[in-house]
Each structure stands twice: as C-alpha cells, then as structure tokens.
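There are 2 protein chains.
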Amino acid sequence: MAKDINLYKTCIKNSDKMSVYDEFIGYVKELYDIGKASELIGWDQETYMPPKSVEGRGYVLSTLSGVYHEKLVSKKMGEYIDELSKNNDLTDKQKANVREIKKVYDKNTKVPLKLVKEIAKTSSLGTEAWQRARKKNDFKIFQPYLEKMVGLKKELAEAIGYEDKAYDVLIDDFEPYTTVKDIDPVFSGLKKVLVPIVKKVMESETKTDNILAQDFDVDKQKKFGIEIIKNMGFDFEHGRLDSSAHPFTSGSCDDVRLTTFKEGHGFHLFAIMHEAGHGLYEQGYKPENYRTPLAEAISLGYHESQSRMWENLVGRSWFFWKYYYPKLQNVFPEQLKKYSLEDFYHAINIVKPSFIRVDADEATYNLHILLRYGMEKDLFDDKIEPKEAPTVWNQKMEEYFGIKPENDAVGVLQDVHWSQGLFGYFPTYTLGNLYSVQLFNQAKKDIPDFEEKISNGQLRNLKEWLNKNVHEYGKLYSANDLTKKITGETLNPDYFIKYLKEKFQPIYDVTL
Amino acid sequence: MAKDINLYKTCIKNSDKMSVYDEFIGYVKELYDIGKASELIGWDQETYMPPKSVEGRGYVLSTLSGVYHEKLVSKKMGEYIDELSKNNDLTDKQKANVREIKKVYDKNTKVPLKLVKEIAKTSSLGTEAWQRARKKNDFKIFQPYLEKMVGLKKELAEAIGYEDKAYDVLIDDFEPYTTVKDIDPVFSGLKKVLVPIVKKVMESETKTDNILAQDFDVDKQKKFGIEIIKNMGFDFEHGRLDSSAHPFTSGSCDDVRLTTFKEGHGFHLFAIMHEAGHGLYEQGYKPENYRTPLAEAISLGYHESQSRMWENLVGRSWFFWKYYYPKLQNVFPEQLKKYSLEDFYHAINIVKPSFIRVDADEATYNLHILLRYGMEKDLFDDKIEPKEAPTVWNQKMEEYFGIKPENDAVGVLQDVHWSQGLFGYFPTYTLGNLYSVQLFNQAKKDIPDFEEKISNGQLRNLKEWLNKNVHEYGKLYSANDLTKKITGETLNPDYFIKYLKEKFQPIYDVTL
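Sequences listed follow chains A and B, in order.
So in my numbering, spot 464 of the first sequence is number 464, and the numbers just go up one at a time.
Take the position in the second sequence, starting the count at 1, then add 512; the result is the number in my numbering.
Excised from the complex, chain A in its bound form:
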C-alpha cells in the first residue's frame, strides 16, 4: 500500500512537472512564431517589397523585435527556466530545449539594455562610416567606430561572463559551445599545411580558361538550378526559390525560402546549390520539434558545412558534372559546346590568391578566415589595437598569400562584419568547410557506390544521410558531440587537407 501511495505521488509529481514543461514549450513556440514572422517580413523586404516602403517596414520589424525580446526576458520565462532547470525527470530532448532557451535567456537578461542600445547605435553609425571609409579608401574614418565597437563588445563579454577568453563569448553567438581552445589547434594545424599548398599550386604551370567569365542568362540558370536542387531533394511544396540582390536562405521547417541573383550574368549555379544546402538543413528538422530549439541548426559552422558540401564537395566535383555537364551544354550551347567536361571541371576549380575573401576558391578561402580569426582573437586579447588593424592585415596577407593589398578597400575594409560588431562570425566559415569534408567523408563510407550514384544524377542518398545524421537532431547535441557521434572523432582538419591535396594535385599536376 505504501508503495502505491509513493507511486501515486511520483505520478502527481511527474504530471506537475510535465505540465510546467508543456506550458513552457507552448510559450517557446509563440516566441518562435514571432521570430518566424520577422524572418518572413525580412524575406519580403529583400524580394517583393515595393522600393519605397522601407521606413514603414523598419517600424514593423523593430516593433516585432521588441515584442520578441519582451516575451523572451519576461518574468514568466524566468520562472519556467528556474523550475525546469531543477527538474531531473525531463527527457534528453526536453532538457535540450530548456538548456537552449536558458542560454538565450541568460544572455539577454545579463546584458544591460543601455549596452544593447549602444551597440545597436554604434553598429548603425559604424556601418555608415565603414561605407564612407571604403569608398574613400581611408581606414581613419572607420577607426574610431572600430575602437568603440571593440570596447562595447568587451563590455558585453564581461556582462555575460566567460571562463577563459572574452572572445569565446562572441564566438558562442554563432558557434555555441565552441571556444578558442577548440579552434586554435585545428586552425593552426590547417594554416601550416595550407600556406605551402597554395604556394605550390601557384607555381604550377597549368593554365585554365576561365569559362565561367561569360554571359549566362539569369532565368535559364534559375530554371536549371531548380532542376538540380529538386534532384537534391529540396521540397518546393515547403519552400521556394526567388530572386534578390544577393542570394540568401530564409525561413525554416515547413516554409524555407532560397534566393538567387536577380541580375548579372555571372555563373550562379554554385550559389543556388549553396543556398539549397542551407535550405535542406532547415527543411530537415522533425515536424514534432517544429517551433523549438530542436528544429534549429546546431551552429553557423554546421549550417555552412551543409551549404559548402553541396556547393563544393558535390557541386565542384567531377562526378556531379559527369551527369550534369552535357545538360548544361544544351542550355548554354554558345558558351559551352566548345569546352570539354575536363575544361569545365578545371575552370570551376581555378585556384588563385585574391585580395577579396568572397571571390576566393576552395584552397585559398580558409586562409582569408584564419587571417581574420587571428586578428579578432588578438584584438580581444589586447595583443593588437584597432588602429593597428591595417598594418597587421597587410603583414598577414604577405605571410599567407605572398601578396599585399594595394589599399585598405581591398584589405582591412573589405568586409562589413566588424562595423556591425560581428566578431566571432568569421571562424564559422572555416569550421563549416572543415565539418563539410569530415561529414562528407563519413557519408561516402556509409553510402554504397557513392560517387557512382552522384555521377548518375542520384543525389538523394546524400540528402537522406544528412537528414538522418545531422538535420533531424536540431540543437539536441553540441557541434562537438554530434561530430563525434557521426564520425567517431571531434573536428579534425586532416580530412579537409587530404581532400584538397587529392583534388588539386591532378588538376594542377603538382605534388602537394
């Protein structure tokens, strides 16, 4: 009898706890709805909004962001989190949802509103100053804003608190649970190998026609791109492909929207595949987890691993074009009929050091990131001062690439990130590249006849593998833990290095 009573008590206890969790998750879902509303309205702004509706749109987005913030840091939310953090009866998935919301809640409650507003203001003024500085090619115009922003971001890191480094707090916004301690050994291993690889490729005598520097009709590319991404498994019943000034992916779960370039006659298929890679991640969560952290990407680096995998590891592979190149030639006979598959394959894999990160190829891209990562780390370790940025930048360019920017516009002033206070964002690009190869390597092992399938135009196996191994978990695991779970080890740059060597040795006829 005593036992029965205890059992009864446990049930009551459980059901009480469960009902707090249910209330909490209902509240969280509303928070996600508001976020989703803002995101869709942001999408509209870049796609269909009439040209002169900017001001009113700004008010709407600002009000929604206020509503979101109020709901997030509310007393109610605090109570839910307090109560549920003590609860040991939650399932792992429930715990993960509580943990992730607590993380955002803590950050948003710890930082004083005054500091938040100061950062927003500095970002707005700084971006404007950065544009002027870049135009006039004069770092001095931007310098005071960079100084201010670095100072404010240090304050922010102090307010939130950290174990090891202030910079860790900033990284955490984009790559949660990943710190300098995780990144440093990986990046320094990478740097050591990358610099000589790039040097050797540069010394190679192989010359390649830049076939892509021709005119390719935007609409025809879009149509061809749709065929490819449909084949990748992008679901047009739960998504779209539109056009905008710059390609992006927006939305999640049952409504994911990609864009490609509205104008210009460049070659856009890699951008379309890249966005579709992001899109497949967002479409890949489990419907039962929609509107919770379990239907959100693990990190920006992981997100980028998906886009880069489709863009580079599939999209710039021989196997892929074995199937698609004849079709592409049919769409663009004037531009491509005279070039063989081999010509084309070489053209889409040209390695050439450039000053500009966004124009970089697979081999040199990460050097641009390592440069920025090192500088950001030193800025927040007080090892360099903002005013030294141009000098340090140029020194590193010589060290990494053997070239020196002619001016700051193609040097330290090329990226918008710092003016907006986005420190800690850059490393996610390289993390994405590294994760992409490590995961891809595992997928190749798990999927029989992988490359043959791709060269027969069968792309779905990879998509399904990614669904099962990556997407469906959402934020259940940290990036570190998930990588270990999938590949048996944490992030290891050797896979990427091996991939680069094996790919570019034959193309450039050198031993790397």
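Certain hints may be false.
[Stated by the list, open to error] FRET-style restraints, in silico, Cβ to Cβ:
| # | chain 1 | residue 1 | chain 2 | residue 2 | range |
| --- | --- | --- | --- | --- | --- |
| 1 | B | K916 | A | N231 | 20 to 28 Å |
| 2 | B | E582 | A | E163 | 38 to 46 Å |
| 3 | B | G590 | A | S62 | 18 to 26 Å |
| 4 | B | T621 | A | E464 | 36 to 44 Å |
| 5 | B | I915 | A | S62 | 54 to 62 Å |
| 6 | A | D378 | B | G570 | 44 to 52 Å |
Just so you know, the hints here were simulated from the structure itself, not pulled from any lab data.
C-beta: ideal position from N, C-alpha, C; glycine also.
Given the structure of chain A, go ahead and fit chain B onto it with the hints provided.
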C-alpha cells in the same frame, strides 16, 4: 503676476497631457505595426506561400493575433484611454485617434474571452458545415450552426450594449456610427425604385452579345491593367500587383498590395480597377498620420465606394472606353476587332437578374443586398428564425427579381458570410454603391470638363479629388459627417437611382 503663474500652470498641464498623448500614440503605432505584420503575412499566404506551409502559417498568425489582443486590452492602454478621454486640450485629430482606439478597446474588453473563443470555434465549424451543406444542397446541415451563431452574436451585442437594436452593434464593426435608423429609410427608398427598374430592363427587347465571355489571356490583361491603374495614380513605388485565387487588396500607407486572378480566362480588368480603387484609398492617407486611425478607412462602405467608383462609374463608362477600347482591341484583336465601341459598352453593361450575388450587375446587385439586409435585421429582431431562412430567401427572390432559386446552393447557401458570423457586413456593399455615386456626382461638379478628361485618358484629377476630399481624412470624421461635408447632405439614394436611369435608358431603349 498671477496671470503669469496661471499661464505657467497651463503650460505644465498641457505639456503633461501632451506627453501622455505622445506615449499613447507611440503605443498605438506599435499596435498598428503588429497588425501590419499580420496583414503582410496573410498576403503572402494568398500569393507566394508554398502550398504545404499552411499549418505553421496558422500558428504564426494566431500568435500575432494574441500579441495584438494582449497589447490592445492591456492595463496600460486602459489607463491611457481613461486619462485622455478626460482631456479637453487635445486637437480634433488627437481626439479622433483617442475616440477610435477607445471604440476598439471597449469592444474588446466588454466581450468575455469565453464568448470570443466560442464564436471563433463556431465560425470554424460553421464554415466547414456550410461547405458541406452547399455541396449536398442541404440547408439542414448548416442550420444548427446558423442558429448557434445568431445566438452567440446576440450575446455579443448584449455584452457590448446598444441603444436601439442588437443588429446595430454588428453593423458597427464594418460601418461605424451607422445604424439601422440611418440605413432603413435609404434602403427602402431604393428598393421601391429598383424593383420596377429591373423589371422594365428585363422586358426590353434589346439583345447584347456577351463579348466578355471569350478567352482573354491572364498575363496580357495584367499588363494592360497595370497601365490603367498607373494612369489612375496607383503608386508602384509604394505598392504592387500580384496574382491570387481571388483578387484582394492588402496593406496600407507606404505598402499597398493588390492582386488579380491567377488563372482563368475571364475578363479581369474591372476586378483590377476595383482593387486599385481600394488601393488608392490605402495609399491616400497623410504620411504624418501613418500607423494611427487617421490613416485608416472611415468604413467598409466608404472603402467600397472607392472600388466601385473606379470599377463602375469610371470603368464601365462610355468616356473611359472611348480612350481605352482601341488600345484594348490592339491587345486582343482576335476577340475584339469585330466589335465596335458601342458593342463593347453594351456588353460591359448587361443587366440580367441572377441567383448569385457575386455575378450581379450594377442594376441588380443592390437587390441582392437589400434581401440579405432585411433578413439579417429580422433575424436579430426575432422576427424570423434561422430555420426559416431558405423559405424567406426564396420568397424575397421572387418579390425582388421575379425568379426563384432552384435549390439552396444558389439561394440561401451561396455566401460564406453567415457561417463566419459576418452579420452586418452585407449592407456595406450597397452603402458603397450609393456613396460612390453621390461622391462621384460631386467630383463631376468640382472638376472642370470631367468627362472630357476621362475620355482623353486623364484619370488623375479624380484620384486627386478623392485624396483631398476622402482619403486624407482617414477616420477623422464619421461616414455621415464626411458625406455631409463633401456633398452638403447625408447619404441620399436618389443620386444612384438617377445614375442608373440615365445609364440604362439609352442602353436598353426603355423609359425608366
């Protein structure tokens, strides 16, 4: 000295009061932002949303509607309204904003949440039942839901309170400050004249080719429509024209979006002009009033007066097509080259009694509304019961049109409105028609060479007249007061009757 002190006190008082008003209006603007977000998301649902994103979209809209409601009925809002309602130092515009927000606040606070939810539930179930009933042509399926809804709406009217009639409360949601006492004399005067007019037209021997019953390419019509509405003054820098299953207008102020039919080969130019009429109203508010009731339409009837004016009084006029018909013939030579302007003018003005309201012409349309208005009034006066609806409907059809519906699907079950509890909505259609002619009549007096201008394709004068006389006021005046201000008298159906007679006498060669 004493005077000075008083002056000082007054200043303090004023500046205190003003600052409460400023706070209030800032709060109201956020409320409008949330409404604007919902509206844009609703627009997306009808235009670009992927086909299977409905469920998630529903959550987003429901959450936003909850946020809106919470903000509207908040304690803060109550305090603002209490304080400002006592304040006599406000300007007329400020008073109007307080008055209009108070009106919505009162309605939303007086109605118990339980009743709101019950109405929402009954609307959802009732709409589903109505669809089944219409399909199976069996009113009995819908009857219990109609009974329930009428009962709930009576409860709602009691909760809100009224001076004269419960039905007045329902009308007020769509046509504020207008009651049965205002409408009854107007509608009964109209009915007396309309029934014999329609009868005489029917007896006329004039036969007209239904030219519009041909295939007109959707895209070509859209392009032609854009030319027309640009000429009307619709501003594409603050608006768009897209496609959807049924045409509608969404948004306001600096972002107004119209749609036309996505598919189908009917003649859509009148629908495009109709929506642009709504759109011009929404684009016509003063920027200084954006995000307040002074940038909102006075009533649904007034809104409809704008759409009908452009659709019918301009769009179905001889003058308009004198300019546009040759251009239309060039776009659709196969369909139109063999028909003269006169043929076309007759075809777009065919009068023919029909069972279905939405297919009705200018002469018969209002009879459909008078029928519904009378029934709604009697339902809420307990003069008829919901179960009698089909019988009453059919009797009235015979009385008004001399025809009897074969079944309820083309009779009492044809409109969705009642299943959703939209009692009081129908009269706004006829109010719109009547207002449109009364205002148009005044515009013709005020604009020199009005008809000549229209027949030269100059449509801007009318748009500007409407901006100045109607749009720019927003909700500053009631519909009654604005009509008096513009035309020197309140709503008078004689203008409409005169218009009908003068238009259809020559077309049908009868004396009306």
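Going through the hints against the structure:
A beta carbon spacing of about 58 Å between K916(B) and N231(A) contradicts the range 20 to 28 Å that was offered as a hint. Range check, E582(B) to E163(A): about 39 Å between beta-carbon atoms, so the 38 to 46 Å window is met. Checking the proposed 18 to 26 Å range against G590(B) and S62(A) shows it holds: the Cβ atoms sit about 25 Å from each other. Evaluation of the 36 to 44 Å hint for T621(B) and E464(A) yields a failure: the beta carbon distance comes to about 53 Å.
At about 56 Å, the beta-carbon gap between I915(B) and S62(A) stays in the expected band of 54 to 62 Å. At roughly 50 Å, the beta-carbon separation of D378(A) and G570(B) lies within the given 44 to 52 Å, and the hint holds.
The structure does not agree with the numbered hints 1 and 4 stated previously, though it agrees with the rest.
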